[in-house]
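Visitor: Sequence:
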Amino acid sequence: LAVTKAGILLSWGEGCDGALGHNDENDRLVPTQVEAQHFIHAKIVSAAAGETHSAALTEHGGLYTWGAGTRAELEGSDNEEEEEDVEVPLGLGHGDGETKLVPTLVTPPLLQGARV
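Going by this note's numbering, the letters in the sequence shown line up with residues 1 to 116, in that order.
Calculated directly from the structure, the hints in this document are not laboratory data.
Quick list of simulated restraints, FRET-style, between CB atoms:
| id | residue 1 | residue 2 | range |
| --- | --- | --- | --- |
| 1 | Gly91 | Ser46 | 17 to 25 Å |
| 2 | Gln33 | Gly113 | 31 to 39 Å |
| 3 | Leu110 | Leu29 | 30 to 38 Å |
| 4 | Lys5 | Gly113 | 29 to 37 Å |
| 5 | Glu59 | Gly113 | 15 to 23 Å |
| 6 | Gly113 | Asp27 | 35 to 43 Å |
Built from N, CA and C at the ideal position, the CB exists for glycine as well.
Based on the provided sequences and hints, a complete structural model is requested.
Guide: Take a look at the structure:
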């Protein structure tokens, strides 16, 4: 992720689980603007990316997150044949564990008064 001097967010790389914020799961080979309407046209001042999710902070303190809401992990057993994938919440901050393909505001009540 990169933020321009004008407060525009750019993303590129692997788009798995919507981690790039373009409302799809396509990879981007070059920096591509994340649509400003997702941020209610506020300028972006900071952004960070994880392996399967991303976050951005607006000039007014709005925290937006997007990408994978869960990840699959093997649930162990003494018998390898009984192992199965279990969805583990990643915690994008929305309280629902859903994957978000576009930047989504973490509502102020969920932040419990915290400022980012």
